[in-house]
Every structure is written in C-alpha cells, then in structure tokens.
Amino acid sequence: MRKLSVILVGMTASLLLAHLAWPGEIEILYEGQRKVVTTELVSGREYVPLAQVAKITGGGVLRDGLRVNGVTFRLVEGEPGVVVGDTTFLLTAPPVKQRGAFWVPVEFLVRALEARYGEGRVYWNRSGGVVWLGKERYNLRLLRHHAYPDYTRLVIEALTPLNFRVQEDSNAQLSLRIEGGILSPMLSEAVRINDGVVEMVEPTQGQGEAIFRIHRDAFGGLTRTFALNNPERIVVDLYRAKAAAAQPPPETPPARPSPRAPSAAPAAPPVTGLRTIAIDPGHGGRDTGAIGPNGLQEKDVVLDIGLKLRRLIQERLGIRVVMTRTEDVFVPLEERTAIANRAKADFFISIHVNAAHRSKAQGFETYFLSREPSDSSARASAIRENLSVNLGGLRPKEEDALRAILWDMANTLYLKESSELAQILLDELDKILNVDNRGVKSAPFFVLMGAAMPAVLLEVAFISNPKEEKNLQAEGYKDRVAEALYAGIVRFKDRYERRLGLVPPASGRSVETAKAKR
Amino acid sequence: MAPLPDRRLLLGLLFLVVVVGTLGFLLGRVLAPRPPEPPGSPVQDGGAVDATTRRIRLFFAVPNADRLQEEERTIPRAASIVEEAKRAVAELIKGPQTDLNPTIPSAVGLLQLYVDGRGTAYVDFTRDLQTKHPGGTGGELLTIYSIVDTLTANFGEIQQVKLLVEGSEILTLAGHIDTRRPFRPRYSFERVR
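Quick note, the sequences are listed as chains S and C, same order. 66 is the number that the numbering used here gives to position 66 of the first sequence; each next residue is one higher, with no gaps. Position in the second sequence (from 1) plus 1000 gives the number in the numbering used here.
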C-alpha cells in the first residue's frame, strides 16, 4: 500500500493544462489511478457525497462522519466546524444531508486524502477541478478571507508553526513574509477580494520564504497580525480606515461630526452609520412554518410583512435592504445569516408568527439570542477565531481562557444591542397593535447563531389563535405590523448613529423622519 | 478404605469455598435489582405512595403558553431510573388531565431513553416530534422544556437533556430553537426586560 505510484508535480502540471475541467466534476489522480467524482451545487458551492470520499480514501462512513486511516472526522449537518481528535478545522461551507446521506464541500475530500496519504502531499487545483498526490511537501495550505463589519480577516492555514513578519510596502500595500513557507498549489493564484478593505492578495514563493502581498483599497487602516494554533493559522486583520478612527490612530482626529452648513447639498449620502438592514421572512418553500386553524401558512404571512417592511425602508429611509428571500422558496437556516454577513448588514431582523398546541395564546413578542453555556468544541473553535487579539506570550491554556472571555465580551456587545433593538420593536408593536404584549425574551435560536451583527427574531402574532389568524389575513393588519417595525427601525437607527457620534443631539435626518411619521 | 485426604488438599478446598462464596456474595449484590428507595426520603421522588408506585411531577403549558406548570401523576416503580424516566415521558405524551395544555403531539412515540455518566439524558423520539409539531417559537420552547423540566425535576441523576429523532441529532424541532446541544431546566418564558 505504501508503494504509491506518485505522479510528479511537473508531469501533472502539463496534465492540468491539457485537462478541460467541466464544472461539476473533480478529477482525482492517485496511486496510478484516475477517478472522476461528480459534484453538485448546494447554495452555490460544489459538494461531493461523503460516500464517494470514503470510497476514494479507503475509509468508512460513520453515522456522524468519516473514518480514514485511523483518523475520525466528526461532521454535524449545518455546522462548518469538523472535529478531528481534539482539534477542529473549518470548512468553507457546512456539510449538508441529502436523502439521509452527508454531502461535503470539495475541500473535505482534500482533507480526507491528507489523512490517508499525509499532510502536505495532496495538491488541489480548485479552478481546474483536479486533486492529485505530489512528491514535494508544502506547509502553507490555503487562504481564507471573511469580511466583518469593520475589518477583513485573512487566515492562512499552515501545517507547522512558522515565523512571520509584516512590512508596509506603501500606503496601500503590505507584505506578509513567512519564513520557510512553501505554498501549496491552492495558493498559486492571486485572490481577488474587493470588499472595500482588501482589493487582492497575491501569494508568491520566494527563496526560503513565502510572501503574501496584500493590496489594500485606498488608505490603510489599522492592521493586526497574529498566530493561532490547533490548527496552525496566521491571521491578518485589516481594519476599515473609517472604523480604525475608533482605535488609537496615529494621526487621524477622532471621528466627530463636522458642523456642516445646513444649506449643504444632499450630494453624497453619509458614508458611515446605518447602511444595510437584513430582513429574514421565516420559513418558505417546503417549510411552511406554523399553520393556522383555517389553513393560513406562516411562510406567506411573514413574506408579505417582510416585503412591506422593505418597501417602507427603501422609500422613506433610502437605505439598503437585504432580503433572505423575496419569494416562496426554501432557504436553509444557516444560509440566512450568511446572506446578512456577506452583505455586511448592520442588523438582522427575522420575522415569524407564533404557534402553540391547542392554546388560546395571542399577542406579539420579540426575542434575542441567548446561548446555552455548553458549547460544542467545534463552535468554540470557530468562535475563537473570531477574536482579533494577539495574545502572544501566554501559555496555551491561559490563551484559551482569555480568548473565551474576550469572545463573551464581544458577544455581550451584540447582545446588548440586540436586546435594545428587541425592546424598541416591541414598544412600537405595542403602540399600533391591540393584542397582548408578551415582552422581550431570549432563547438559543438556530437562525440567529451565525449573525455577526445585532440580531432579533419577532413573533408578531399567534397564527394558532383563530382571531389572530383572521387578523393576519387582512392586508391592513399586515401593513400596520410593517409600519410598527419601520418606526422601530427608525428609532434604532437614530440611537445607533447618535452613539457613533454621527448625529448631533436633537437634529439629524432620521430624527426628523421619525417625527414626520407621527 | 480410602486413604485419609491430604491435610493440604482439605485446606485448599476450604480456601476455594471461602473465595467462591465471597465472590458470589459480592456478585449477587452488584447484580441484584436496585432495592426500592425508602418512601418519602429523597426530595426528587416527590414522595412515594408505597413501595410499588411513585409520584412524579409532569410539566405542561399554561393556557397563555408563556410558562410551564406542574401536574402530579402516580406511576408504577420500575427496576431502574431509566425505566421510570421512560414512563414519565410516556405520561407527558399522553397529555394533561387538568386544564393545562399538552406540549407534545399525541402521535409522537418514545423510541429510547438513556442517561450517560455525566447526567445527560438522551431522549429519542419518532419523526412525528418534528413533522406533527405545531411550530412557532412559543410551541417549540414548551415542547423542549416540558421534557427537560419533567426529567430533571423527578430524577436527580439527570441534569440536562438532549433530544434526538430516530437516533440522530436534530437542528431544530420546527425551525427556531437550536436543539444540537443539551438543555438545562427552565420553567418560564416570561419577559426578560
């Protein structure tokens, strides 16, 4: 088994060029064999069946994962963290289940092959759709990036701990130099990001080092670079120049509203402040949500209210609205916050109607996320990576403890804003609707877990109550609900921008809008 | 006349009898069914009526669905905590006998229940727990916590509860509350602010 007929890198390179990769196929070259696996697109990403991965790697499918060469990969449907022994790695998209069987993103195949043949030997040409075994070993595996509201994170996955340094080449370019770094073919091409912070990252193989040239969009904000272990990662956080003003900046004065002349033409909209709102009408498609005693379906009611709310915001506030769905389609729960995260929404509102078994319950309530203390290790690891703090010099255990505390603090910030938003929306519903006000509550909602922003879930009525079901059938009632939510959003926007110092007290456009409404 | 048995052989036999006897006694104690607990002693028993039955507290929904309220029921004692916990869940599925509201669709079946060494009860239901669920955040909270509260309030060995459907972990019951992790008891869903 050890005697592998390894295809040399040079040979394969020419093979790659000759190979015309059709989307939907992955070619695997190993042990003198050539296998083709058909892929399927799930939420825009290429997936392969776990059973195929098992077949190729000589592994066995478990109920909750895969076992290859004595290594067990534990998978959870919808959870991007994969647990391997006592470590966790993140997939770019979570495993999904189709007809009861797991499907995994293509890179999982690469990981499984590494478990079989050793890390650093499995090469992958993503755009070419080819995976092959090579002779040379690399130690820098891949680059991931993610845009957060005020910074962009680049993560370089390494196989061993490596020394690195960052140098500023110019105002708009940084170089990350990794000592002894050898790039995998996954890092052979420049990665275009263009998210308003980073334009592009260009990896190059130097003599005895690997260099990542980071091209920034315009002026550079603050940068932080640090290493994480288990698995080994080098992380570069590049802050948005505007947000960096909130940090101790070298020369920029603190972000204060300059007293603008009242006659100033309304040329450019304010660059910062509240810009994007994500609205999530719950359920959809095959997921009907709750059904009323006379057959009214939750998915239809909440889509109506969501679309009405979007129109109000766009017409009156002129800010961007991102919808998780605009028609009767099924959208997986984890995809809903992913849509909001990608759009860098400032907050996330999930609209639902309530139900309870044989109950006379009626009224509205608003929720924000609370977490149960027992986090799975996969989630804890995913969360840890979200912390942009360099904790060098600490022992791993102290580091983990401190990271956990810091995450709690960051999370508390979202919780505070989320609970405020929940309260404001509740108050506005209370003003307009003449049913029970059931208060602000908290619970561990699946749909709110992944939100990198304040997030709330609203239950605007009990569809299981015949009287409320009748209310929800009337356009006028749904209009009133949308008006109440709109009024709450205006109030939250005002408060949010005032806190950022963008709106001087007792003036500003959004306040006027709020008054004009009454 | 048979020769007198060797003294050493006699001693050896005696030793063997003692060893086997002791082992048998110990084994018997280990394998013996758990003796019924003395009536009325542990608080979580809710006070046993006699040695063959025990009173338990079941949690159902109050009419306006924002809280769980207990209802007492007498169940036959069983040989183990796990068997008694299964009976408690079966009673929960049957629904309330007072004017409280049920929390689990009546079609749902209990497939399996086990408790691990760390006080987590795994409760495995039929698919109906999801497909027949009325939906809604309120409805989901009532279903989840009526099971969790009933098990933790009656059985001191159970500190938290994880729900399964047909042997597998589920993400949610009907699209709201994350059910991938075990739950600790919670009795009210009243406002937090």
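Since the hints were derived computationally from the structure, they do not count as laboratory data. Mixed in with the good hints, there may be bad ones.
To be verified - Okay, derived cross-link-like pairs now, DSBU-like style, lysine-lysine, Cα gap no bigger than 35 Å in a straight line:
#1 308(S) <-> 344(S)
#2 416(S) <-> 360(S)
#3 467(S) <-> 1132(C)
#4 431(S) <-> 344(S)
#5 55(S) <-> 1162(C)
#6 344(S) <-> 416(S)
#7 35(S) <-> 97(S)
#8 1094(C) <-> 1132(C)
#9 35(S) <-> 55(S)
#10 55(S) <-> 308(S)
#11 1132(C) <-> 470(S)
#12 1086(C) <-> 1132(C)
#13 1086(C) <-> 416(S)
#14 360(S) <-> 467(S)
#15 1086(C) <-> 344(S)
#16 431(S) <-> 308(S)
#17 416(S) <-> 431(S)
#18 360(S) <-> 1094(C)
#19 97(S) <-> 308(S)
#20 344(S) <-> 467(S)
#21 1132(C) <-> 360(S)
#22 1094(C) <-> 308(S)
#23 467(S) <-> 431(S)
#24 470(S) <-> 431(S)
#25 97(S) <-> 1094(C)
#26 97(S) <-> 467(S)
#27 1162(C) <-> 360(S)
#28 1132(C) <-> 97(S)
#29 1086(C) <-> 360(S)
#30 360(S) <-> 431(S)
#31 97(S) <-> 1162(C)
#32 308(S) <-> 360(S)
#33 1162(C) <-> 1094(C)
#34 1162(C) <-> 1132(C)
#35 1086(C) <-> 55(S)
#36 416(S) <-> 308(S)
#37 1086(C) <-> 470(S)
Against the structure, the hints:
no.	hint	result
1	308(S) <-> 344(S)	22 Å, holds
2	416(S) <-> 360(S)	32 Å, holds
3	467(S) <-> 1132(C)	22 Å, holds
4	431(S) <-> 344(S)	31 Å, holds
5	55(S) <-> 1162(C)	33 Å, holds
6	344(S) <-> 416(S)	19 Å, holds
7	35(S) <-> 97(S)	23 Å, holds
8	1094(C) <-> 1132(C)	15 Å, holds
9	35(S) <-> 55(S)	11 Å, holds
10	55(S) <-> 308(S)	50 Å, violated
11	1132(C) <-> 470(S)	23 Å, holds
12	1086(C) <-> 1132(C)	21 Å, holds
13	1086(C) <-> 416(S)	40 Å, violated
14	360(S) <-> 467(S)	10 Å, holds
15	1086(C) <-> 344(S)	47 Å, violated
16	431(S) <-> 308(S)	19 Å, holds
17	416(S) <-> 431(S)	23 Å, holds
18	360(S) <-> 1094(C)	20 Å, holds
19	97(S) <-> 308(S)	34 Å, holds
20	344(S) <-> 467(S)	39 Å, violated
21	1132(C) <-> 360(S)	19 Å, holds
22	1094(C) <-> 308(S)	42 Å, violated
23	467(S) <-> 431(S)	19 Å, holds
24	470(S) <-> 431(S)	20 Å, holds
25	97(S) <-> 1094(C)	33 Å, holds
26	97(S) <-> 467(S)	39 Å, violated
27	1162(C) <-> 360(S)	29 Å, holds
28	1132(C) <-> 97(S)	21 Å, holds
29	1086(C) <-> 360(S)	30 Å, holds
30	360(S) <-> 431(S)	22 Å, holds
31	97(S) <-> 1162(C)	21 Å, holds
32	308(S) <-> 360(S)	28 Å, holds
33	1162(C) <-> 1094(C)	21 Å, holds
34	1162(C) <-> 1132(C)	19 Å, holds
35	1086(C) <-> 55(S)	40 Å, violated
36	416(S) <-> 308(S)	27 Å, holds
37	1086(C) <-> 470(S)	40 Å, violated
Of the numbered hints given earlier, the model fails hints 10, 13, 15, 20, 22, 26, 35 and 37; all others are met.
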